[in-house]
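Number of protein chains: 2
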Amino acid sequence: MISVTLIGAGNVATHLYKALKRAKDTTVIQWYSRNMSSISSFKNEVEITNDINSLKTADVYIIAVSDSAISTLSSQLPFSNELVVHTSGSVSLHDLDKKHHRGVFYPLQTFTKGADLNFTEVPICIEVENKVHLQTLKNLSEALGCKHYRVNSDQRAALHLAAVFVNNFTNQLYRVAHEITESKSVDFNILKPLIKETASKIDTLSPYMAQTGPAVRNDNKTIKKHLKSLDKDIHKQIYELLTKSIKLTHGKKL
Amino acid sequence: MISVTLIGAGNVATHLYKALKRAKDTTVIQWYSRNMSSISSFKNEVEITNDINSLKTADVYIIAVSDSAISTLSSQLPFSNELVVHTSGSVSLHDLDKKHHRGVFYPLQTFTKGADLNFTEVPICIEVENKVHLQTLKNLSEALGCKHYRVNSDQRAALHLAAVFVNNFTNQLYRVAHEITESKSVDFNILKPLIKETASKIDTLSPYMAQTGPAVRNDNKTIKKHLKSLDKDIHKQIYELLTKSIKLTHGKKL
Ligand SMILES: NC(=O)c1ccc[n+]([C@@H]2O[C@H](COP(=O)([O-])OP(=O)(O)OC[C@H]3O[C@@H](n4cnc5c(N)ncnc54)[C@H](OP(=O)(O)O)[C@@H]3O)[C@@H](O)[C@H]2O)c1
Ligand SMILES: NC(=O)c1ccc[n+]([C@@H]2O[C@H](COP(=O)([O-])OP(=O)(O)OC[C@H]3O[C@@H](n4cnc5c(N)ncnc54)[C@H](OP(=O)(O)O)[C@@H]3O)[C@@H](O)[C@H]2O)c1
Numbered sequence: 001m002i003s004v005t006l007i008g009a010g011n012v013a014t015h016l017y018k019a020l021k022r023a024k025d026t027t028v029i030q031w032y033s034r035n036m037s038s039i040s041s042f043k044n045e046v047e048i049t050n051d052i053n054s055l056k057t058a059d060v061y062i063i064a065v066s067d068s069a070i071s072t073l074s075s076q077l078p079f080s081n082e083l084v085v086h087t088s089g090s091v092s093l094h095d096l097d098k099k100h101h102r103g104v105f106y107p108l109q110t111f112t113k114g115a116d117l118n119f120t121e122v123p124i125c126i127e128v129e130n131k132v133h134l135q136t137l138k139n140l141s142e143a144l145g146c147k148h149y150r151v152n153s154d155q156r157a158a159l160h161l162a163a164v165f166v167n168n169f170t171n172q173l174y175r176v177a178h179e180i181t182e183s184k185s186v187d188f189n190i191l192k193p194l195i196k197e198t199a200s201k202i203d204t205l206s207p208y209m210a211q212t213g214p215a216v217r218n219d220n221k222t223i224k225k226h227l228k229s230l231d232k233d234i235h236k237q238i239y240e241l242l243t244k245s246i247k248l249t250h251g252k253k254l
Numbered sequence: 001m002i003s004v005t006l007i008g009a010g011n012v013a014t015h016l017y018k019a020l021k022r023a024k025d026t027t028v029i030q031w032y033s034r035n036m037s038s039i040s041s042f043k044n045e046v047e048i049t050n051d052i053n054s055l056k057t058a059d060v061y062i063i064a065v066s067d068s069a070i071s072t073l074s075s076q077l078p079f080s081n082e083l084v085v086h087t088s089g090s091v092s093l094h095d096l097d098k099k100h101h102r103g104v105f106y107p108l109q110t111f112t113k114g115a116d117l118n119f120t121e122v123p124i125c126i127e128v129e130n131k132v133h134l135q136t137l138k139n140l141s142e143a144l145g146c147k148h149y150r151v152n153s154d155q156r157a158a159l160h161l162a163a164v165f166v167n168n169f170t171n172q173l174y175r176v177a178h179e180i181t182e183s184k185s186v187d188f189n190i191l192k193p194l195i196k197e198t199a200s201k202i203d204t205l206s207p208y209m210a211q212t213g214p215a216v217r218n219d220n221k222t223i224k225k226h227l228k229s230l231d232k233d234i235h236k237q238i239y240e241l242l243t244k245s246i247k248l249t250h251g252k253k254l
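For the protein sequence lines, the chains are A and B, in the order given.
Numbering-wise (UniProt numbering), the first sequence opens with residue 1 and increments by one.
Numbering-wise (UniProt numbering), the second sequence opens with residue 1 and increments by one.
Next comes chain A alone, as it looks inside the complex (with noise of 0.2 angstroms):
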């Protein structure tokens, strides 16, 4: 049994909360919120405290707060030499005040406190300051479900750059689908299974073996037919610009 301590109760947290209530082989010591507002609905099942200073033993304390926050609260935590970990994914280890064993627990997912997840569906990328307690993380991923990965700084930091790739910039690219779709009164919708293809080709094709259009076929006609179409500046310069990476990944003439 791995007993947790969750500080914080914005996105992460209320998520890793229910994941950590509904796995068998932890218990949730106390749950922190400088804001007792938040947490208040889970108060018969939890026990709650908006006070820094009360903070109960625990095999492991998680800081899910704000990345900006995350040095601070560490600061004021009223003990020292504990296991003390934080769920971001580019803020250093560094950053906990070095009073503690200090860790990372980082969910490579994209939370929303309304939208429901399958947790167990949530890599898990494991940094720890001293290799003892490498395990303790281990397990709780274990108990949670989820796969974890041991990486270190630099490895985390080009996963979290990625992400926003990945996540963030791709939603962009919905978005802008969205408006030029809008654009010709079109439903979105149609779209929707073609994005959710594209998303799960790469489980059996690699992003290179999987491009297809008309960057990769070279067709410069149907480009600069695109191009002529686009009525927004920035689409055009995106439409130029990821053509030009997609022919420069496949060797084409630019």
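Please note that the accuracy of each hint is not assured.
Pairs count within a copy or across copies, as identical chains cannot be separated in the list.
What the hints assert, rightly or not - Below are the EDC-like pairs computed for lysine to aspartate or glutamate, each with C-alpha atoms no more than 16 angstroms apart in a straight line:
no., residue 1, residue 2
1, Lys18, Asp116
2, Lys138, Asp97
3, Lys192, Glu179
4, Lys24, Glu142
5, Lys247, Asp25
6, Lys192, Glu121
7, Lys21, Asp97
8, Lys98, Glu129
9, Lys138, Glu45
Read the hints as simulated data drawn from the structure, not as lab findings.
Using the hints provided, position chain B with the ligands relative to the given structure of chain A.
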């Protein structure tokens, strides 16, 4: 019962043939390919031919050949006043010879011969020259179990263009992510659940509402750090341009 003659033997024709075979209310009269070898393995279940002058009567002739071959092929068909459709997102209906009753039957999905695909989830975009043929193409879509959408030429062009953004360009972002993770020897597979979730999220949220990350948060510190850590110039340019696009969409200061 709708009778169909299929012309072409590439990705689309092959998937379409299998879906037509499986459907209850359709029958494939003949399958034409200029190259017999691509369809000879089906010769026991359907009449195959490479002689365009031997084509028999059918309710619909579906031309699923390369965009550049559609026009010529449609002129070579040895009959007139029959319903002839192509399957292209970008070719004009008027590229079909005017001796035919012309239409478009554009399956908005990405097809690869080898890869399995549930055809019933493919949206069919229908265009007809003469409204009397609309019902036949609607019935055909329904027989295949597909949703259908009547579109005009402008709308079909917009969908085809939008498809480049959500399919080819998105796939290229996956490729960039693959390069980033490989450069630090991290497993690209860690990103796959995030890729799937990004595609799923827009089932319930618009791409506008689903946006997260440094750009929409106007987190310029993280943006700078990311830009600095990107090795390749083209990756930096993509990062900058899509960040700018997100900021513009969400009314942030550039
Ligand atoms: N969201 C994701 O998709 C995701 C994915 C992976 C990792 N992460 C990481 O997980 C961590 C939490 O992210 P999130 O999305 O859950 O954030 P969030 O939804 O914005 O929630 C932030 C939480 O931090 C609390 N907080 C902020 N400043 C604080 C302070 N000075 N003292 C105490 N509490 C403070 C907030 O409390 P109030 O409600 O009182 O403001 C809130 O409970 C971050 O490190 C983030 O990088 C996020
Ligand atoms: N692939 C997709 O994801 C997709 C999605 C929606 C719509 N479409 C559209 O569907 C159509 C077919 O695309 P595809 O991907 O199936 O193409 P493909 O796999 O490249 O196959 C092209 C087919 O056209 C034949 N062909 C080419 N030139 C010909 C000619 N001059 N005379 C007779 N046959 C000729 C080829 O025969 P050989 O084998 O003998 O060369 C082959 O059977 C295109 O209009 C395309 O825009 C494709």
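- Unmet hints by their number, sorted upward, for this structure: 2, 5, 7, 9
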